[in-house]
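Enquirer: Sequence:
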Amino acid sequence: MTRAAVGVDPADRRILAEIQADGRLTVYELSTRTELTVSTCHRRLRALERSGAIRGYRARLDPRALGLEVEAVVFVTMAATDPGAVGRFEAAVDRVGEVRAAQRLLGDPDYLLRVVAADLEAFHRLHDGCLRALPGVARLSSALVLATPVDDRGLVV
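Following UniProt numbering, the numbering of the sequence shown begins with 1 at its first residue and continues without gaps.
Note that these hints are calculated values from the structure, not bench results. The hints are all genuine.
Derived CB-CB ranges, DEER-like:
#1 Thr-81 x Leu-144: 23 to 31 Å
#2 Glu-90 x Val-38: 39 to 47 Å
#3 Ser-141 x Asp-94: 15 to 23 Å
#4 Ser-142 x Asp-62: 21 to 29 Å
#5 Val-156 x Ala-101: 17 to 25 Å
#6 Thr-81 x Gly-23: 31 to 39 Å
#7 Leu-144 x Ala-47: 37 to 45 Å
We put the beta carbon where it would ideally sit given N, CA and C, even for glycine.
Build out the structure end to end from the sequences listed, making use of the hints.
Expert: Below is the structure:
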């Protein structure tokens, strides 16, 4: 069971569930699916956006369809984890376009990066030439992704 979000009632949860499934719904379609009037649905949707519950809308792209055949998980262990070192690393990793996600972890390793590359040679260049050179990196450990049975699943609302 998940903890209830502050200020999110069952009608808001229906809205959130529907737009997670299809972010291209019109307000009319959304109101029909949630059994709310168009004006009520629109008002609630805008309130959810303003509150930060909805962070944005975007298309989900298929990396393989775009020639990115290799996906890897890279674990990063930092030499130091003081605020300055963390800030420099996070600013630098944010500029690496092949990094799809970066998460700071509690314990060792310090970060988990999800990266994509065109092929193994491109991943090798990224790993040794770019990621290893990021500020404060002491050690990298990588694993290639063979399959993704669950990808970018929406939140339970």
